[in-house]
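Chemist: Sequence:
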Amino acid sequence: AFGTVSSKICVSFSVSGAYVSKCGQKKHAVRCYTQALAVYRGHAWHSIEENVHFNVARQSFTLNMHEAAVLFFTRLLKTGRQSIERQTTLVKEFSFVLRQSKTFQETAGGLNTNETA
1 AFGTVSSKIC
11 VSFSVSGAYV
21 SKCGQKKHAV
31 RCYTQALAVY
41 RGHAWHSIEE
51 NVHFNVARQS
61 FTLNMHEAAV
71 LFFTRLLKTG
81 RQSIERQTTL
91 VKEFSFVLRQ
101 SKTFQETAGG
111 LNTNETA
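Letter by letter, the sequence shown follows residues 1 to 117 of the numbering used here.
Read the hints as simulated data drawn from the structure, not as lab findings. Please note: incorrect hints may appear among the correct ones.
[Said to hold, decoys possible] Pair by pair, the computed Cβ-Cβ distance ranges are:
| no. | residue 1 | residue 2 | range |
| --- | --- | --- | --- |
| 1 | H46 | T88 | 24 to 30 Å |
| 2 | Q100 | H28 | 21 to 27 Å |
| 3 | K22 | I84 | 15 to 21 Å |
| 4 | R41 | A18 | 17 to 23 Å |
| 5 | K102 | I9 | 36 to 42 Å |
| 6 | R75 | I9 | 28 to 34 Å |
The beta carbon of each residue, even a glycine, is placed where N, CA and C say it ideally should be.
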């Protein structure tokens, strides 16, 4: 069962992630958010879980952790629980991340043209 202590811990990790992100501590923010996700996963707090996925995706992107950003955006969009307007916004941001990730890979010489999508 998702007890009071677990929910308080999750909220604390989520709020801490927001605060340390505003202080410029992006890596620490990602760590706080992923700790919260570990507890939220599998419970009925969908909107909070989606918000945390979005924050981890965005923070990962700003840290040039493109693979992690793609992973978290994919998890977020896969649920399909957002409104059409929200999904449209998320798809635009995800598309930007994918374009930047591809550019990053090409610049770094990491693009493998033998792989299929």
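Chemist: Check each numbered hint from earlier against the structure, then list the numbers of those it violates in ascending order.
Modeler: 1, 3, 6
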